[in-house]
Amino acid sequence: MSKITIPLGPQHPALKEPENFMLVLEGEQITGATVNLGYNHRGMEKAAENRTYIQNLYLIERVCGICSHSHTTTYITNVEELAKCETPKRALAIRTLFAELERVHSHLLWLGVAGYEMGFETLFMYTWRDREQVLDCLEMLSGNRVHYSINTIGGVRRDISAEQKAGVIKRIDYLIERTNYYIKLALEEPTVAARTANVGKLPPEVAIERGAVGPTARASGIARDVRKDEPYLIYNELDFKLITHNTNDVFGRLVVRALELVESYKMIKEVLNNLPEGPIAVKVPMRIAPGECVNHYEAPRGEDIHYLKANGTDKPERLKVRAPTLANLQSVAYMMEGGWLADVPLVIAAIDPCMSCTDRAVVWDPKKGRKQVYGWEELRKLSIEQYKRRGVDFTRL
Amino acid sequence: MKKPARVFSEVIKHLFKKPATCGYPFEKAHIYPNFRGRIAFESDKCIGCQMCVRVCPAKAIEIPLSAEQPAAPAPVEGQPPVAAKKKFDCIMKLDHCVYCAQCVEVCPKKALIMTQDFELASVDKKQLRRHYK
Chain A
1 MSKITIPLGP QHPALKEPEN FMLVLEGEQI TGATVNLGYN HRGMEKAAEN
51 RTYIQNLYLI ERVCGICSHS HTTTYITNVE ELAKCETPKR ALAIRTLFAE
101 LERVHSHLLW LGVAGYEMGF ETLFMYTWRD REQVLDCLEM LSGNRVHYSI
151 NTIGGVRRDI SAEQKAGVIK RIDYLIERTN YYIKLALEEP TVAARTANVG
201 KLPPEVAIER GAVGPTARAS GIARDVRKDE PYLIYNELDF KLITHNTNDV
251 FGRLVVRALE LVESYKMIKE VLNNLPEGPI AVKVPMRIAP GECVNHYEAP
301 RGEDIHYLKA NGTDKPERLK VRAPTLANLQ SVAYMMEGGW LADVPLVIAA
351 IDPCMSCTDR AVVWDPKKGR KQVYGWEELR KLSIEQYKRR GVDFTRL
Chain B
1 MKKPARVFSE VIKHLFKKPA TCGYPFEKAH IYPNFRGRIA FESDKCIGCQ
51 MCVRVCPAKA IEIPLSAEQP AAPAPVEGQP PVAAKKKFDC IMKLDHCVYC
101 AQCVEVCPKK ALIMTQDFEL ASVDKKQLRR HYK
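As they're listed, the protein sequences go chains A and B. Residue 119 in the numbering used here sits at position 119 of the first sequence; the count goes up by one each step and never skips. Residue 41 in the numbering used here sits at position 41 of the second sequence; the count goes up by one each step and never skips.
Among the hints, a few may not be true.
Claimed, not checked - Each computed EDC-like pair below joins lysine to aspartate or glutamate, with the alpha-carbon atoms no more than 20 angstroms apart:
{"#": "1", "chain 1": "B", "residue 1": "K28", "chain 2": "B", "residue 2": "E119"}
{"#": "2", "chain 1": "B", "residue 1": "K18", "chain 2": "A", "residue 2": "E132"}
{"#": "3", "chain 1": "A", "residue 1": "K283", "chain 2": "A", "residue 2": "E86"}
{"#": "4", "chain 1": "A", "residue 1": "K269", "chain 2": "A", "residue 2": "D136"}
{"#": "5", "chain 1": "B", "residue 1": "K3", "chain 2": "A", "residue 2": "E121"}
{"#": "6", "chain 1": "B", "residue 1": "K28", "chain 2": "A", "residue 2": "E86"}
{"#": "7", "chain 1": "B", "residue 1": "K3", "chain 2": "A", "residue 2": "E139"}
{"#": "8", "chain 1": "A", "residue 1": "K283", "chain 2": "B", "residue 2": "E105"}
{"#": "9", "chain 1": "A", "residue 1": "K228", "chain 2": "A", "residue 2": "E270"}
{"#": "10", "chain 1": "B", "residue 1": "K133", "chain 2": "B", "residue 2": "D44"}
{"#": "11", "chain 1": "B", "residue 1": "K13", "chain 2": "A", "residue 2": "E121"}
{"#": "12", "chain 1": "B", "residue 1": "K28", "chain 2": "A", "residue 2": "E139"}
{"#": "13", "chain 1": "B", "residue 1": "K13", "chain 2": "A", "residue 2": "D136"}
{"#": "14", "chain 1": "B", "residue 1": "K93", "chain 2": "B", "residue 2": "E62"}
To be clear, the hints were calculated from the coordinates, so they are not data collected in a lab. Since this is a predicted model, take the numbers as computed values, not measurements.
Produce the complete structure using the sequences and hints provided.
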């Protein structure tokens with residue numbers, strides 16, 4: 001049978017955000033897939049260089065609508081580390097609370113999207129209705145549903161009152177009941193298993209090789225979670241399980257996310273019940289001492305890495321964001337190969353892709369003033385040369 | 001254990017429940033007290049330090065001198081003359097504003113106030129440039 005190449009996206013009903021996948025088809029079966037990025041590039045890293053640290057907070061928050069707290073917390077950890085600022089314990093606890101509430105809202109959203117892609121729209125309707133409860137919690141605590149703006153350099157902006165605490169716990173209790181029902185539903189409903197089992201297989205060795213992160217890696221049986229591996233905020237004081245699953249397919253990713261929800265509810269209650277007393281923020285000077293800093297954070301979709309370089313002024317010299325979707329896209333190409341065309345939307349949705357997080361790369365030569373596209377070989381040569389200058393030799397690899 | 005049509009009983013139960021959505025334009029939306037809405041301005045408190053202009057991430061705020069300045073207080077015998085307090089206006093560009101309320105937080109005199117106002121969409125562009133005097 002002859003092979004044909006078809007483009008999926010950038011405009012396609014199955015994709016929520018513009019991105020292009022070139023699929024090589026043999027009949028209905030996919031024999032090769034490549035991912036092309038760059039349709040959602042907004043120049044955020046460059047824009048960050050022209051804004052002060054405090055203005056950047058609101059810019060970084062808008063890197064992604066779903067993990068807005070993840071990006072600001074990673075950024076702010078870098079800034080606070082460079083400024084040698086002692087963040088109050090209460091502020092760290094409130095940040096952890098928001099991080100977990102955000103994980104709950106992101107995972108519930110994903111559960112809905114997965115239901116929708118499976119053709120199980122009842123699940124989509126129910127999870128999105130229940131997601132309103134956690135969005136209400138976030139709105140009650142911070143003032144807004146999506147861009148909470150709770151972080152500020154040196155602490156958090158809003159304190160939590162006893163009344164708000166009771167409101168959150170009431171809503172979380174409702175969500176625990178609902179989530180237990182969804183877990184039962186996912187495990188017992190044969191249509192879910194039939195649609196997701198053995199779809200988008202990602203064996204553990206391939207997941208490691210391609211650098212999969214977050215629930216995608218954990219569903220392949222790799223126990224990798226920044227919250228456990230290198231605890232930040234107050235995660236070292238919290239009691240939670242690292243969820244993994246060994247089916248390596250979309251079903252495993254569904255189970256991992258659903259069980260992670262339960263762990264998050266546990267953590268939210270624990271943080272709220274043991275909220276340390278004290279101030280919520282300390283003053284940090286506008287100018288940050290020169291230096292470099294890298295930090296990582298377990299966003300709902302996986303490991304989020306931020307690099308920050310300060311030059312002693314009130315503006316950063318360089319900010320680099322590595323969003324979790326970028327790490328997972330290589331695995332998507334593998335997961336699609338050998339599968340069927342009809343499974344593609346489900347496989348892509350299974351990593352919970354966030355293209356607006358991911359698209360930040362552009363190759364542009366300011367001296368020549370023109371754009372240049374580098375091939376794989378050239379990029380490899382460039383990186384080997386760069387590491388050679390630092391004294392590391394990668395030529396043998 | 002596989003149980004087909006597990007969700008069916010749940011669906012039937014929901015037939016007799018109230019809708020989860022709210023009828024927003026006809027019903028008033030519920031706003032929490034922390035909500036960050038349109039920023040209001042009190043001219044008599046402003047000292048024109050421009051801190052809000054400097055922290056605004058969206059360049060949405062301007063603090064120009066007012067066109068009409070108050071007269072200097074009448075000089076008192078035997079004391080040096082007191083300069084008139086300068087009066088400032090505020091121009092808020094609602095289409096630029098990201099409603100982060102950083103300006104409210106940074107204002108040393110509490111001249112900027114966060115309101116609960118959120119129905120700000122307009123077909124008239126002039127409506128989006130509010131000039132507070």
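Each hint tested on the structure:
1. At most 20 angstroms may separate the alpha-carbon atoms for a hinted pair to count; B/K28 and B/E119 meet this at roughly 11 angstroms.
2. A hinted pair counts as satisfied when its Cα atoms are at most 20 angstroms apart, and B/K18 with A/E132 qualifies at roughly 15 angstroms.
3. Restraint check for A/K283 and A/E86: the C-alpha separation of about 10 angstroms stays at or below 20 angstroms, so the hint holds.
4. For the hint linking A/K269 to A/D136, the alpha-carbon distance of about 16 angstroms falls within 20 angstroms, and the restraint holds.
5. Under the criterion of a C-alpha separation no larger than 20 angstroms, the hint pairing B/K3 with A/E121 is consistent with the structure, at around 18 angstroms.
6. With a C-alpha separation of about 43 angstroms, the suggested pair B/K28 and A/E86 falls outside the 20 angstroms cut-off, and the hint is violated.
7. Between B/K3 and A/E139, the direct Cα distance comes to roughly 38 angstroms. Violation of the 20 angstroms bound is thereby established for this hinted pair.
8. As the CA atoms of A/K283 and B/E105 are separated by approximately 13 angstroms, the hinted pair is consistent with the 20 angstroms bound.
9. With a C-alpha separation of about 17 angstroms, the suggested pair A/K228 and A/E270 falls inside the 20 angstroms cut-off, and the hint holds.
10. For the hint linking B/K133 to B/D44, the alpha-carbon distance of about 9 angstroms falls within 20 angstroms, and the restraint holds.
11. With a CA separation close to 17 angstroms, the supplied pair B/K13 and A/E121 stays within the 20 angstroms bound.
12. As the CA atoms of B/K28 and A/E139 are separated by approximately 17 angstroms, the hinted pair is consistent with the 20 angstroms bound.
13. Taken as a hint, the B/K13 and A/D136 pair is broken in the structure, with Cα atoms around 24 angstroms apart against an allowance of 20 angstroms.
14. Proximity of B/K93 to B/E62 is assessed by CA-CA distance (about 9 angstroms); at most 20 angstroms being required, the pair is judged to hold.
Going through the hint list in order, the structure does not satisfy hints 6, 7, 13.
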